[in-house]
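Engineer: Model the placement of chain B on the given structure of chain A, informed by the hints.
So the sequences go chain by chain: A and B.
According to our numbering, the stretch in the first sequence is residues 302 to 837, in order.
According to our numbering, the stretch in the second sequence is residues 212 to 822, in order.
To be clear, the hints were calculated from the coordinates, so they are not data collected in a lab.
Treat the hints with caution; some may be incorrect.
Said to hold, decoys possible - Here are the computed lysine-lysine pairs in the PhoX-like style, where the Cα-Cα straight-line distance is at most 25 Å:
id: 1; chain 1: B; residue 1: Lys258; chain 2: B; residue 2: Lys289
id: 2; chain 1: B; residue 1: Lys319; chain 2: B; residue 2: Lys260
id: 3; chain 1: B; residue 1: Lys289; chain 2: B; residue 2: Lys238
id: 4; chain 1: A; residue 1: Lys602; chain 2: A; residue 2: Lys612
id: 5; chain 1: A; residue 1: Lys446; chain 2: B; residue 2: Lys700
id: 6; chain 1: A; residue 1: Lys632; chain 2: A; residue 2: Lys607
id: 7; chain 1: A; residue 1: Lys496; chain 2: A; residue 2: Lys564
id: 8; chain 1: A; residue 1: Lys496; chain 2: B; residue 2: Lys713
id: 9; chain 1: B; residue 1: Lys294; chain 2: B; residue 2: Lys332
id: 10; chain 1: B; residue 1: Lys713; chain 2: A; residue 2: Lys502
id: 11; chain 1: A; residue 1: Lys657; chain 2: A; residue 2: Lys683
id: 12; chain 1: A; residue 1: Lys446; chain 2: B; residue 2: Lys294
id: 13; chain 1: B; residue 1: Lys808; chain 2: A; residue 2: Lys404
id: 14; chain 1: B; residue 1: Lys472; chain 2: B; residue 2: Lys368
id: 15; chain 1: B; residue 1: Lys751; chain 2: B; residue 2: Lys813
id: 16; chain 1: A; residue 1: Lys404; chain 2: A; residue 2: Lys327
id: 17; chain 1: B; residue 1: Lys696; chain 2: A; residue 2: Lys455
id: 18; chain 1: A; residue 1: Lys502; chain 2: A; residue 2: Lys544
Quick caveat, the model's predicted, so the values are computed rather than measured.
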Amino acid sequence: MTKWMNINGRRVVFEEGETVLEVATKAGIFIPTLCARPDLPSFGACRLCIIDVEGNRTYPNSCTLPAREGMVVRTATPDLQTVRRNVFQLILAEHPSYCIICKEHDECEKVRHGEYKAGRVIGCFTCSNKEICEIREISEYLRVKDIRYPMLYKNLPLERDDPFLVRDYNLCILCARCIRACQDVLGYSAIALTKRGHDTKVGTILEVSHLESGCVFCGHCIDVCPTGALIARGSTWFGTPDKSVTTTCNLCSHGCQMVIDVKWDKVVNVHPPYELSARREYCVKGRFCIPALVNGRDRLKYPTVKRKVIKEEQYPVPWDEAITHTADKLKGYKPEEIGIILSPSLTDEAVYLLLKFAQRVSTNPVVFIEEDIKNLQSQGVKAIFSTFNSNVFSEFDGLEFLILQDIYQSNSSDTAEVVLPTTMFAEEDGTKSGEEYMKYAINKAVEPPGEALPSWIIVSRLAQSMGLDGFNHESIENLQDEIRNAEPLEIPKVSKQQLEYMGVPIADKVEEFRLYITSKRAINQSKGKGVLDVQI
Amino acid sequence: MTQVESLQKYYQKTVLICKGTGCVSSKSDEISEEFEEQLKNFNLQEKIKVDFTGCHGFCAQGPIVIIEPEGVMYAQVKSPNVKQIVESHLKNDVLVEDLFFMDPKLNKRIGNYKNIDFYSKQTRMILGNCGHINPEEIDAYMNTGGYSGLRSALEKKPEEIIQIITDSGLRGRGGAGFSTGLKWQFCHDAPGSEKYIICNADEGDPGAFMDRSLLEADPHSVLEGMIIGAYAIGASHGIIYCRAEYPLAIKRFSRALVTAKERGFLGDNILNSSLSLDISVHEGAGAFVCGEETALMASIEGHRGNPRTRPPFPATSGLWGKPTNINNVKTWASASWIFKNGWEKFHGIGVENATGTAIFSLTGKVKNLGLIEVPMGTPLREIVYEIGGGILDDREFKAVQTGGPSGGCLPPSHLDSPVDYETMAASGSIMGSGGMIVLDETNCMVKLAHYFLTFTQAESCGKCIPCRIGTRAMLLILERIITGKGEDKDLMLLEELAYTVKMGSLCALGQTAPNPVLTTLKYFRNEYQSHIFEKRCLAKDCQDLINYVIDESLCNGCTICARNCPVSAITGEKGQVHFIDTAVCVTCGICHSSCPKTAIFKQDRPQKVVP
Numbered sequence: 302m303t304k305w306m307n308i309n310g311r312r313v314v315f316e317e318g319e320t321v322l323e324v325a326t327k328a329g330i331f332i333p334t335l336c337a338r339p340d341l342p343s344f345g346a347c348r349l350c351i352i353d354v355e356g357n358r359t360y361p362n363s364c365t366l367p368a369r370e371g372m373v374v375r376t377a378t379p380d381l382q383t384v385r386r387n388v389f390q391l392i393l394a395e396h397p398s399y400c401i402i403c404k405e406h407d408e409c410e411k412v413r414h415g416e417y418k419a420g421r422v423i424g425c426f427t428c429s430n431k432e433i434c435e436i437r438e439i440s441e442y443l444r445v446k447d448i449r450y451p452m453l454y455k456n457l458p459l460e461r462d463d464p465f466l467v468r469d470y471n472l473c474i475l476c477a478r479c480i481r482a483c484q485d486v487l488g489y490s491a492i493a494l495t496k497r498g499h500d501t502k503v504g505t506i507l508e509v510s511h512l513e514s515g516c517v518f519c520g521h522c523i524d525v526c527p528t529g530a531l532i533a534r535g536s537t538w539f540g541t542p543d544k545s546v547t548t549t550c551n552l553c554s555h556g557c558q559m560v561i562d563v564k565w566d567k568v569v570n571v572h573p574p575y576e577l578s579a580r581r582e583y584c585v586k587g588r589f590c591i592p593a594l595v596n597g598r599d600r601l602k603y604p605t606v607k608r609k610v611i612k613e614e615q616y617p618v619p620w621d622e623a624i625t626h627t628a629d630k631l632k633g634y635k636p637e638e639i640g641i642i643l644s645p646s647l648t649d650e651a652v653y654l655l656l657k658f659a660q661r662v663s664t665n666p667v668v669f670i671e672e673d674i675k676n677l678q679s680q681g682v683k684a685i686f687s688t689f690n691s692n693v694f695s696e697f698d699g700l701e702f703l704i705l706q707d708i709y710q711s712n713s714s715d716t717a718e719v720v721l722p723t724t725m726f727a728e729e730d731g732t733k734s735g736e737e738y739m740k741y742a743i744n745k746a747v748e749p750p751g752e753a754l755p756s757w758i759i760v761s762r763l764a765q766s767m768g769l770d771g772f773n774h775e776s777i778e779n780l781q782d783e784i785r786n787a788e789p790l791e792i793p794k795v796s797k798q799q800l801e802y803m804g805v806p807i808a809d810k811v812e813e814f815r816l817y818i819t820s821k822r823a824i825n826q827s828k829g830k831g832v833l834d835v836q837i
Numbered sequence: 212m213t214q215v216e217s218l219q220k221y222y223q224k225t226v227l228i229c230k231g232t233g234c235v236s237s238k239s240d241e242i243s244e245e246f247e248e249q250l251k252n253f254n255l256q257e258k259i260k261v262d263f264t265g266c267h268g269f270c271a272q273g274p275i276v277i278i279e280p281e282g283v284m285y286a287q288v289k290s291p292n293v294k295q296i297v298e299s300h301l302k303n304d305v306l307v308e309d310l311f312f313m314d315p316k317l318n319k320r321i322g323n324y325k326n327i328d329f330y331s332k333q334t335r336m337i338l339g340n341c342g343h344i345n346p347e348e349i350d351a352y353m354n355t356g357g358y359s360g361l362r363s364a365l366e367k368k369p370e371e372i373i374q375i376i377t378d379s380g381l382r383g384r385g386g387a388g389f390s391t392g393l394k395w396q397f398c399h400d401a402p403g404s405e406k407y408i409i410c411n412a413d414e415g416d417p418g419a420f421m422d423r424s425l426l427e428a429d430p431h432s433v434l435e436g437m438i439i440g441a442y443a444i445g446a447s448h449g450i451i452y453c454r455a456e457y458p459l460a461i462k463r464f465s466r467a468l469v470t471a472k473e474r475g476f477l478g479d480n481i482l483n484s485s486l487s488l489d490i491s492v493h494e495g496a497g498a499f500v501c502g503e504e505t506a507l508m509a510s511i512e513g514h515r516g517n518p519r520t521r522p523p524f525p526a527t528s529g530l531w532g533k534p535t536n537i538n539n540v541k542t543w544a545s546a547s548w549i550f551k552n553g554w555e556k557f558h559g560i561g562v563e564n565a566t567g568t569a570i571f572s573l574t575g576k577v578k579n580l581g582l583i584e585v586p587m588g589t590p591l592r593e594i595v596y597e598i599g600g601g602i603l604d605d606r607e608f609k610a611v612q613t614g615g616p617s618g619g620c621l622p623p624s625h626l627d628s629p630v631d632y633e634t635m636a637a638s639g640s641i642m643g644s645g646g647m648i649v650l651d652e653t654n655c656m657v658k659l660a661h662y663f664l665t666f667t668q669a670e671s672c673g674k675c676i677p678c679r680i681g682t683r684a685m686l687l688i689l690e691r692i693i694t695g696k697g698e699d700k701d702l703m704l705l706e707e708l709a710y711t712v713k714m715g716s717l718c719a720l721g722q723t724a725p726n727p728v729l730t731t732l733k734y735f736r737n738e739y740q741s742h743i744f745e746k747r748c749l750a751k752d753c754q755d756l757i758n759y760v761i762d763e764s765l766c767n768g769c770t771i772c773a774r775n776c777p778v779s780a781i782t783g784e785k786g787q788v789h790f791i792d793t794a795v796c797v798t799c800g801i802c803h804s805s806c807p808k809t810a811i812f813k814q815d816r817p818q819k820v821v822p
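Here chain A stands alone, though its shape is the one from the complex (with noise of 0.2 Å):
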């Protein structure tokens, strides 16, 4: 039976649990908030969504209020509108928020359209939540020009003891989005609300470090935040991004749902979509780690070949040379002396058409983890095509020819006799098998550094220039038709707590990782716990 009540003089349907504010955000009707959110529990702390029930004496929160039948309710009458003004204004109050109510607002919006970098947030201009601000956005629909009760700024010190988040409280409100997000949604409590009356602040149980009360730095509580009051230490001050990228994070096989902003063709932030912010677990590595390891300085641009002019040294050489070169000598080897082998973190495209090129070329298996690098040797192998850099090529006996497809400089290089750059995962499209079947679209977002081209294209042109036919794909979306008809690939899956992308370490590139890590191996250590047991 449809249920029905009243609001604002019309009819409207809901469903048995709904809140009064769920039903009105169906029907279309606006109730400000700053602490509703709807993938949180309901909480009710702003008192912004209050409504006139009738036969209620005081003023009941929609976001807490479930829905009755033949209830009438009005979300905006000049009395409530009163005593939510002023309930705001009350919230002004304590909130650097001196730009909202300048004389300069409309002229200052006009000239400076980002926000200045400061030490302090003193006030919209310099907060670095300005364009995404939902206080800025109530501000204007209660058109609040003034704010006529005593200001106070909390002068709470800046909390920047971490390696990935900067947290200002003088700027919270309290509206406790950030403790339910870590409570109720993913089940950390990590934070919670400290003291009281006016004292009341977000916090750590003792006041201990975040590091070490159990916090594991997924960044939700930045995602749900309404305010600049929690900021990603690395990705802010850049402003509103140029454009955002929805693509999948291919750290791991877990196929987290991401989306880059990009600034200057630069990643400058890694942040879950608005409709997963609050619902799905991020880790560490994804949530911060991105940006520098897709940025990195020593990232691989050109390729190279191993050439002796003096000495025997790496030499850039254009793409055509180092396939050529690469194609000839490989013909030179029988195939059970080739050895293929195979990151996990590739595309499905490049690992479908490495396979297949590994087919062609070589009877032996294709490997991707060290120990079976390590059998290659006995069986005989003098040649070898890696899509991953791994300590064991140093120590390879009877090792004559190396390939290597890497994103960063290592010590392989210098073993490799042609290196070839090759793209991160934020720098091609593809698809991306995850966990249980499941695919995942992997989209461009910025562009590869150099010359560095995704890896299909490297396979493909490999083998066509070895004279292997069926590896003429145009663009990836053929080569995905023909992956479509052929055999479901066996793909291994990365887990969750790998400490590496495509056998870069990811503590060696990125340095807040690596404190990050250092630092939970010494908490561990001094609790007792196994070092090494860091969980991401």
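Structural biologist: Structure of chain B alone, referenced to chain A:
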């Protein structure tokens, strides 16, 4: 047969020593030991029994010793007095008049407590056993008819019990005054097999100690009420949420639980009925807001004491999401009284919409301070002038503050209005859980509002914005006013803020927090105006608006004030008239209170003339 009567079979006399928290802290334990020893010395231990009771409610006069059966009350007994009492009164039957209670109104000593106005003008029903029975002995309670109400209740159907409570007109004694019968009915009707009853003993109002006193002096009456309630509602678990600052109450109630279980009043199939009930004690962690029922349940569940909005009401979804009925200590005790004495009798006391009695802790500027119980609808004048004995030093009555920090101040014009829920609410105050502070002409009402707001501001849970930030904003404005920095717009702002906090706040703490400000603004607006516009405190109570001045005709130059002054603002030779340098003086008032000649008086501080 009362306990006293039953004891008289074996003993000629009984010495009842008060061991409520107040008297224990004024060393009644020592007095008890001293009595035992002195009785042995005079070889009277066979004839006279020494026993102890809970609080009499007259703690200012403690330690209190009562000798039964003659009903003689000795007040403020010190341990050296014990020998005198034993020798003179108990051995030779000569009363020790020097230790009698000194009636401040009649200015004479009264021996029998039944003749003291403070007691005789009260109607002690719920507190009837307090001060008369040993709270740690279940037999003492049963000798007064205890648990007979439970026996009769268990023979009835739950619906009949709820009907009796409804008929009695009992309303929640926690302050809101919701009909108890209706509340029980809601919880009884709520679907679910598992239900809870909770006794709210998280008494947090400053100066209030009604619940503590009752739990310390007569825990079984509360327990009996809870068992009856559990049967009516269908609950199988009971919890008493008592603040941890009440260790004696917790101890005595826990003991009551143990002894009641031994006698079969708790546990499975109580008195061969279908009722099975277990009651446990939960200690609060010292947050005022946990007296609010939703915050209280959150606290029991192990969460932060955050209130939430209702609905859903606890009657349908309370503790652990199960139907829950929460009542105040006094409500539960009233329920057991009703079943012991009949609902007709209860209904006969009080007024139409408020039956039974109200318990207040009377403090402030009255002569007799303590816990009082009066029929609902008793006029304030009777409480202040009859039971309270009038204003201290016979000064002018100014106001009475009821309902604790969430209550309001009533001016002299309300002295004759009856104390009941509706009248109080109509005048802007609340019944509250029972704090009653009497104020005289030396109290500044703005400062009083400031004091109470300081309390609510600090005790807000900090969850909702109007309460957390709004009370602070109000406090800042009040602070500005009492320090003479008030601005013209402040009164308007205060009223606006008070409305916002009242309408905007989530729970009753915030919704009632502006009451002290609103009522003082309503009845004592002139005081605010004089603070703001004239920079003058009419009661000369605000430190920043007064100067202390020495009356030259009275000062004899004893130098006491000069020696006590913490900032050395007083100068003068010995034997000469002293002088206070107002530029140095911080108006702490130490000189004022230490002057043996009362030569120091308060004066309005002259305002700086801004050219």
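Engineer: Determine for every hint whether it applies to the structure shown.
Structural biologist: Here's how the hints hold up against the structure:
{"no.": "1", "hint": "B:Lys258 - B:Lys289", "in the structure": "holds (23 Å)"}
{"no.": "2", "hint": "B:Lys319 - B:Lys260", "in the structure": "violated (30 Å)"}
{"no.": "3", "hint": "B:Lys289 - B:Lys238", "in the structure": "holds (8 Å)"}
{"no.": "4", "hint": "A:Lys602 - A:Lys612", "in the structure": "holds (23 Å)"}
{"no.": "5", "hint": "A:Lys446 - B:Lys700", "in the structure": "holds (18 Å)"}
{"no.": "6", "hint": "A:Lys632 - A:Lys607", "in the structure": "holds (18 Å)"}
{"no.": "7", "hint": "A:Lys496 - A:Lys564", "in the structure": "violated (40 Å)"}
{"no.": "8", "hint": "A:Lys496 - B:Lys713", "in the structure": "holds (23 Å)"}
{"no.": "9", "hint": "B:Lys294 - B:Lys332", "in the structure": "violated (32 Å)"}
{"no.": "10", "hint": "B:Lys713 - A:Lys502", "in the structure": "holds (23 Å)"}
{"no.": "11", "hint": "A:Lys657 - A:Lys683", "in the structure": "holds (20 Å)"}
{"no.": "12", "hint": "A:Lys446 - B:Lys294", "in the structure": "violated (77 Å)"}
{"no.": "13", "hint": "B:Lys808 - A:Lys404", "in the structure": "violated (61 Å)"}
{"no.": "14", "hint": "B:Lys472 - B:Lys368", "in the structure": "holds (23 Å)"}
{"no.": "15", "hint": "B:Lys751 - B:Lys813", "in the structure": "holds (7 Å)"}
{"no.": "16", "hint": "A:Lys404 - A:Lys327", "in the structure": "violated (36 Å)"}
{"no.": "17", "hint": "B:Lys696 - A:Lys455", "in the structure": "holds (22 Å)"}
{"no.": "18", "hint": "A:Lys502 - A:Lys544", "in the structure": "violated (35 Å)"}
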